[in-house]
Structures are given as structure tokens and as C-alpha cells.
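Trainee: The primary structure of each chain is shown beneath.
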Amino acid sequence: MNFFDIIFYLFALITIVSAVFVVTTKNIVHAAFYLLFTFFGIAGIYAMLGADFIAIVQIMVYVGGILILLLFGVMLTNKITDVEIRTGTIHLLPASIIVGCFSGAVVAGMIWTDWRIIPGEIPNSTAKDLGHLLLTDYVLIFELLGILLLVALIGAASIARREKE
Amino acid sequence: MLQVGLYHFLIISGILFSLGIYGIVTRKNAVMILMGVELILNSANINFIAFSRYGNFGLNGQVIALFVIVLAAAEAAIALAIVLNIYKTFANVNVDEIDHLKE
Numbered sequence: 001m002n003f004f005d006i007i008f009y010l011f012a013l014i015t016i017v018s019a020v021f022v023v024t025t026k027n028i029v030h031a032a033f034y035l036l037f038t039f040f041g042i043a044g045i046y047a048m049l050g051a052d053f054i055a056i057v058q059i060m061v062y063v064g065g066i067l068i069l070l071l072f073g074v075m076l077t078n079k080i081t082d083v084e085i086r087t088g089t090i091h092l093l094p095a096s097i098i099v100g101c102f103s104g105a106v107v108a109g110m111i112w113t114d115w116r117i118i119p120g121e122i123p124n125s126t127a128k129d130l131g132h133l134l135l136t137d138y139v140l141i142f143e144l145l146g147i148l149l150l151v152a153l154i155g156a157a158s159i160a161r162r163e164k165e
Numbered sequence: 001m002l003q004v005g006l007y008h009f010l011i012i013s014g015i016l017f018s019l020g021i022y023g024i025v026t027r028k029n030a031v032m033i034l035m036g037v038e039l040i041l042n043s044a045n046i047n048f049i050a051f052s053r054y055g056n057f058g059l060n061g062q063v064i065a066l067f068v069i070v071l072a073a074a075e076a077a078i079a080l081a082i083v084l085n086i087y088k089t090f091a092n093v094n095v096d097e098i099d100h101l102k103e
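Heads up: the protein sequence lines correspond to chains P and V, in order. The first sequence begins at 1 in our numbering and counts up by one. The second sequence begins at 1 in our numbering and counts up by one.
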């Protein structure tokens, strides 16, 4: 085990343990904060795979944007006077059994498949090449995503707006 | 087996996917279901980037992962707007109690 492996297991441990807490804790605010650690762990895993730009984007978009949105959602949809913001759970036992079997099947399938592994070189920085790809091969999807974000922005604002009395 | 390779990243992503499914199935609160969806999107992203790194596909997998992140942001914004509207109408966001379209 070299340094790379130790760092990987550290990030994997952070990610999996905090994800388990996200789906099992009763308090919604605690779940949101465990989700923070999950996102940081996943950003670390991206960085280990040589995707430095994606790791930064992950931290900026997920931690800075989506997590804050989720916290706003929690705060706005619960009575703030309640001391504890809790969520109910249903079908715990059957869900555990089925998801356990499913997880075993997925992981076993991934382990026993003989993937064709040709490790490429890790580039020093991916931002420049990603920019080139976005404006050459993927330019149509890039523009469509811009339109989609605009539509989502307007749609979200108009859905969440309060009706005039 | 202890040497980290493609399989380790795939196993991480498989476990995250299952945890996301578990969160979606067992939670009542709509915001918690959104958190499960975010876990699933992240596990798919790990798969994209891992195969892009170990399958010699250049940066194509990373571009797709970028698109997935953009879609996740749009999805979270729209979904939370809908959740706020549901809360205005029903005064709670438990998905098992909301079973009609109009009050």
C-alpha cells in the first residue's frame, strides 16, 4: 500500500460512512450536513482520478449551490418553531432486504466483469482540454444546456412565486 | 487486491447508488428523497470519470460528468420550487400523504 492507496481509502471511508448517515439519520438538518462530507469525499475521489476541474466544480456547484438549496428547502418546509426537524420512514425492513440484494448484485457484477483496462496518462491540468472539447465536439450540448439552465431558472422562479392575493 | 484500481472506484459507486435507492425508498420527506437522487447522480459521475481514466477515453467521460452536474443543479432548483408549492398547498411535504393533484 502506497500513499495513493491510503488517501483513496480515507476518501472512500468518508464518502460511504457519511452517505450511510445521510440515509439513516432522522434529523433532516443533520442529513444535509452529512451530505456535505459525502460531496467533499466524492470531490476527493474525482481528484484522485485525475479530474481536477470536475473536483472543483463538484465543490462549487454541489456544496455551494445544491446543498444550500436543499437547506433552504428544509427550512422553508418545516415549522421552524419545532425543536427537532424530523423525517418519517416507511418500509424499513423490506427496503433493507431488497436494497441489500440489489447492492450485492451490482457490486458482484462489477467485480466479476473482466473490464478492458488501458490506463491513460494523467494530464497535468484538464481545464484547458475540457474547454477545447466543450467548444468543439460538444458545442451543441453545451449551448442546449445553457438554454436549459435559463428555462429552469425562469421556471423555478415562476413556480415558487407567491400568488398575489 | 489492495492496490487501488478501476474496481475500487466501481465498488464505491455501486455502494453509493444502493444507498441513494435506499434513501429514496424509505424516506417520507420530499427533501430527503432529493438527497437520495443527488447520491445516485454522484455515483453515476464516479463511474463516468473512472471509466474515462482507466478505459483510455481521454476527457470525454469528464465532459459528460460536467453535463450531469449541470443537470443536477437544474433538477434541484425545479424540484425545490415544486416542494415549496406543495408545502403551500398541503402544509407538509410527506410524499405518502399527498395523493391528489388539487386541494
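No lab work stands behind these hints, which were simulated from the structure alone. Take the hints with a grain of salt, since some may be wrong.
[Said to hold, decoys possible] Label pairs and their in silico Cβ distance ranges:
(1) P/Val20 x V/Lys88: 41 to 49 angstroms
(2) P/Ile147 x V/Asn94: 30 to 38 angstroms
(3) V/Asn60 x P/Ile7: 24 to 32 angstroms
(4) V/Leu101 x P/Leu13: 43 to 51 angstroms
(5) P/Ile6 x V/Gly58: 45 to 53 angstroms
(6) V/Asp96 x P/Cys101: 46 to 54 angstroms
(7) V/Thr89 x P/Ile7: 47 to 55 angstroms
(8) V/Leu71 x P/Val20: 52 to 60 angstroms
[Stated by the list, open to error] Stretches of chain P that chain V covers, calculated by requiring three or more beta carbons in the stretch to come under 8 angstroms of a beta carbon on chain V:
(9) 11-25
(10) 30-43
(11) 50-57
(12) 62-73
(13) 101-107
(14) 147-161
[As the list claims (entries may be wrong)] Short derived list, chain P residues pointing at chain V, Cβ under 8 angstroms:
(15) Phe3
(16) Phe4
(17) Ala47
(18) Thr89
(19) Ile97
(20) Trp115
(21) Arg116
(22) Pro119
(23) Gly120
(24) Val139
(25) Leu140
(26) Glu143
This structure is a prediction, so every number in the text was calculated from the model and none was measured. For glycine and all other residues, C-beta sits at the position ideal for the given N, C-alpha and C.
Trainee: Each hint should be assessed against the structure and marked as holding or not.
Mentor: Hint check results:
A beta carbon spacing of about 33 angstroms between P/Val20 and V/Lys88 contradicts the range 41 to 49 angstroms that was offered as a hint. Checking the proposed 30 to 38 angstroms range against P/Ile147 and V/Asn94 shows it holds: the Cβ atoms sit about 35 angstroms from each other. Judged by the Cβ atoms, the range 24 to 32 angstroms given for V/Asn60 and P/Ile7 holds: they are separated by roughly 26 angstroms. The hint said 43 to 51 angstroms for the Cβ distance between V/Leu101 and P/Leu13, and at roughly 44 angstroms that hint holds.
At roughly 28 angstroms, the beta carbons of P/Ile6 and V/Gly58 sit outside the given window of 45 to 53 angstroms. Taking the beta carbon of each, V/Asp96 and P/Cys101 are about 24 angstroms apart, not inside 46 to 54 angstroms as hinted. A hinted range of 47 to 55 angstroms for the beta carbons of V/Thr89 and P/Ile7 is consistent with their spacing of about 48 angstroms. As the Cβ distance of V/Leu71 to P/Val20 is approximately 26 angstroms, the hint placing it in 52 to 60 angstroms is violated.
Counting residues of the region 11-25 of chain P whose beta-carbon sits less than 8 angstroms from any beta-carbon of chain V gives 7, enough to reach three: the coverage restraint holds. Three residues within the 8 angstroms Cβ limit are the bar, and the region 30-43 of chain P against chain V gives 6, so the coverage statement holds. Counting residues of the region 50-57 of chain P whose CB lies closer than 8 angstroms to any CB of chain V gives 5, which reaches the minimum of 3, so the coverage claim holds. Here's how the region 62-73 of chain P fares: 7 of its residues keep a CB closer than 8 angstroms to some CB of chain V, so the rule of at least three is met and the hint holds.
Under the rule that three or more residues need a Cβ within less than 8 angstroms of chain V, the assignment of the region 101-107 of chain P holds, with 4 such residues. Counting residues of the region 147-161 of chain P whose CB lies closer than 8 angstroms to any CB of chain V gives 9, which reaches the minimum of 3, so the coverage claim holds. For P/Phe3, the shortest C-beta to C-beta distance to chain V is roughly 11 angstroms, which exceeds 8 angstroms, and the interface hint is violated. Evaluation of the P/Phe4 hint against chain V yields a held restraint, the C-beta minimum of about 6 angstroms falling below 8 angstroms.
The restraint placing P/Ala47 at the interface with chain V is violated, with a minimum CB-CB distance near 10 angstroms, outside the 8 angstroms limit. Taking 8 angstroms as the C-beta cut-off, the interface hint given for P/Thr89 holds, the closest approach to chain V being about 5 angstroms. Of the supplied interface hints, the one on P/Ile97 is violated, with its beta-carbon coming no nearer than about 11 angstroms to a beta-carbon of chain V, more than 8 angstroms. Checking P/Trp115 against chain V by beta carbon gives a least distance of about 6 angstroms; that is within 8 angstroms, so the hint holds.
Here the hint on P/Arg116 is kept, as its CB sits about 7 angstroms from the closest CB of chain V, short of 8 angstroms. For P/Pro119, the suggested interface contact is upheld, since its CB lies about 6 angstroms from the closest CB of chain V, less than 8 angstroms. Below 8 angstroms, beta-carbon pairs count as interface contacts, and P/Gly120 has one with chain V at about 4 angstroms; its hint therefore holds. This hint is violated: P/Val139 has a C-beta 11 angstroms from the nearest C-beta of chain V, more than the 8 angstroms allowed.
For P/Leu140, the interface hint is violated, the least distance from its beta-carbon to any beta-carbon of chain V being 12 angstroms, above 8 angstroms. For P/Glu143, the interface hint is violated, the least distance from its beta-carbon to any beta-carbon of chain V being 12 angstroms, above 8 angstroms.
The structure fails to meet hints 1, 5, 6, 8, 15, 17, 19, 24, 25, 26 from the earlier list, while all remaining hints are met.
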